[in-house]
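J.: Residue numbers (my numbering), protein chains in the order written: chain A, -6 to 324; chain B, -6 to 324.
Mixed in with the good hints there might be a few duds.
If chains are identical, the list can't say which one is meant, so a pair holds when it fits in one copy or spans any two.
To be verified - Here are the simulated DSS-like pairs of lysine-lysine, each with C-alpha atoms no more than 25 Å apart in a straight line:
#, residue 1, residue 2
1, K191, K226
2, K(-1), K197
3, K323, K65
4, K323, K191
5, K191, K(-1)
6, K320, K128
7, K226, K129
8, K(-1), K226
9, K197, K320
10, K128, K197
11, K248, K320
12, K248, K197
Because the hints were derived from the structure by calculation, they are not lab data.
2 protein chains.
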Amino acid sequence: MPEIRKDPVFGRWVIIASERGLRPNEFRPGAGPDGKSYVCPFCPGNEDLTPPTIYSLPGAAGSWRLRVVRNKYPALTAESAAGNRRDGIYDSMDGMGFHEVVIETPEHDRVLESMPAESVADVVRTFVLRMREIKKDPRIKYVMIFKNHGRNAGASLLHPHSQIIAMPMAPLRVLQEIEGAAEYHLERGTCVFCDIVKEEQAFKRRVVAENADFLAVTPYASRFSFETWILPKAHNSHFEDLPGEQAQPLAEIVKTVLSKLSASLPDLSYNLIVHTMPPQDPAAGHYHWHIEIMPKLTHVAGFEWGTGFYINTVSPEDAADMLNSGKRYKV
Amino acid sequence: MPEIRKDPVFGRWVIIASERGLRPNEFRPGAGPDGKSYVCPFCPGNEDLTPPTIYSLPGAAGSWRLRVVRNKYPALTAESAAGNRRDGIYDSMDGMGFHEVVIETPEHDRVLESMPAESVADVVRTFVLRMREIKKDPRIKYVMIFKNHGRNAGASLLHPHSQIIAMPMAPLRVLQEIEGAAEYHLERGTCVFCDIVKEEQAFKRRVVAENADFLAVTPYASRFSFETWILPKAHNSHFEDLPGEQAQPLAEIVKTVLSKLSASLPDLSYNLIVHTMPPQDPAAGHYHWHIEIMPKLTHVAGFEWGTGFYINTVSPEDAADMLNSGKRYKV
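Hey, can you work out the whole structure from these sequences and the hints?
T.: Written as structure tokens, this is what we have:
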């Protein structure tokens, strides 16, 4: 049973999930797609290798084109009670929550950016639907939607998929981000993310992609080389309130950004994370959902790991230049 | 010239240092120790490949046994003024500061844990001396001492070295750590790190090493598998106030911890970071300097990168068990 432990200094919660250490890793030597014995649990025909389907979209002739399943090696599980415990100076709770996998396509060797925009829009709509469903459970205080792509980003399986983790508390950094935005709002009366959209549209040099509803930029204080954010132009604090007609434009800009990143960064690995308000909180004027994409360049990750101190050797202006010109970055 | 930029949401500072992208990388294909053309700038005889020596300790027959030099590809430079600038909604300042490299031994192929304790104590004493010297500059608000070892930890050179970065502001996470400790102190009247020492000595199961002055533990809410902290038993907020007689015991426990980590973790990569009070601040009852060591397991780093949300698949109790029994961890 996973356990959630609180750091006594920071008040930061950490999930200790030993069972997850047992999960298969396609990138492990001998277990990869070349390994004869390897069977991908996400490929059509192998549905019995995953827990039962939670949600799916039909494909041609009785097949599926997208499936959502419970993670077989969950970071959190629905059984537990989430009651707080105290052990000396330490606090913990049961690892209550949900951990789902969105299998984005039946095609093992696809990447998100080469999928049709309509299929990526299916993924976006699925995120929204699952989030609306999951938030009905009042114990759920945050829903993290993310995608790890590539070995350097911590992905353990190659088949295109993303993950949804619903948890009984909001991560500290989420709360700090919202608090920072609330302070900005208090001082200036505007939403900091709305202001970033305006500022970047005017400055132009950090813009990577744009359509009627979304703007993609390399943020001013990028922590990581080629870090890219996708911001909705219209203010909206909750991702799950995405208007239906914005699923397609969001899919399109995600495809454009990932295409540009993979053109400039050979063998692209990245983490993509949806930043949104805690789903039980009401709509807020000071916070604005958005997507952060953090490419992971081999041999570049430094001591920022867990320190919160960042040195970035590619300015966001140079990164946007390279992405927009299709130039390759030499690691 | 490096620039320090402030994230408008978090108030987090990021160093944008494009020149650092030009530094050599021994781990880059073709440029490694096997590459014929490669010359290690940290080896004896190649002193002209580094900026001039700032500090050194004599070795046998006119040689050196430890050298401190300015980083040739600095994250921050002394020339600049550190005046604040404002550009629309964004704030930045010149990248004023110092960036030094401690070359820990003349021997290219050594690792810290295989060096004599006396040589590691030289490194510890050098950290203390450099910090006392650097803090005389009133513009310096924080001094970060760290060591990246191994390719997965972001090290670019193999020759044993550590780094000292002195900067004109304290990183946000440092301030948050001190604030968290101050809150604990306010509530309970004790230092949270002193309490951790007592709690872990009583519980025993997370203790990895101990001597008269220091305790090494896998912390209760470990963010990373095999994360290990070294805590001084006596309360002291400032690392640079280390009593002279503690350099040797500190060196010994660092050696023990790294030996245990490298026995259990094949091809060990790690980041080692000294956490300490901002040097211009007076001695504090609520904060307690310590060292955090974060091993980097290949293929395991996940989406915690920059999200502040952590899933750890090895409990600290299991990690301590493996380290103490010398069992190998299978990634």
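J.: Give a verdict on every hint.
T.: Taking the hints in turn, this is what the structure says about them:
1. K191 <-> K226: within (9 Å within a copy, 52 Å between copies)
2. K(-1) <-> K197: between (42 Å within a copy, 19 Å between copies)
3. K323 <-> K65: between (38 Å within a copy, 20 Å between copies)
4. K323 <-> K191: neither (32 Å within a copy, 50 Å between copies)
5. K191 <-> K(-1): Between copies only: 18 Å across, 38 Å inside.
6. K320 <-> K128: neither (43 Å within a copy, 43 Å between copies)
7. K226 <-> K129: Classified as neither; 28 Å inside a copy, 48 Å across copies.
8. K(-1) <-> K226: Only across copies: K(-1) and K226 sit 22 Å apart there, 36 Å inside one copy, limit 25 Å.
9. K197 <-> K320: within (18 Å within a copy, 55 Å between copies)
10. K128 <-> K197: Neither way: K128 and K197 sit 37 Å apart in one copy and 40 Å across, limit 25 Å.
11. K248 <-> K320: Close inside one copy (18 Å), not across copies (45 Å); limit 25 Å.
12. K248 <-> K197: within (20 Å within a copy, 51 Å between copies)
In summary, the structure is inconsistent with hints 4, 6, 7 and 10 from the numbered list given earlier, while agreeing with the others.
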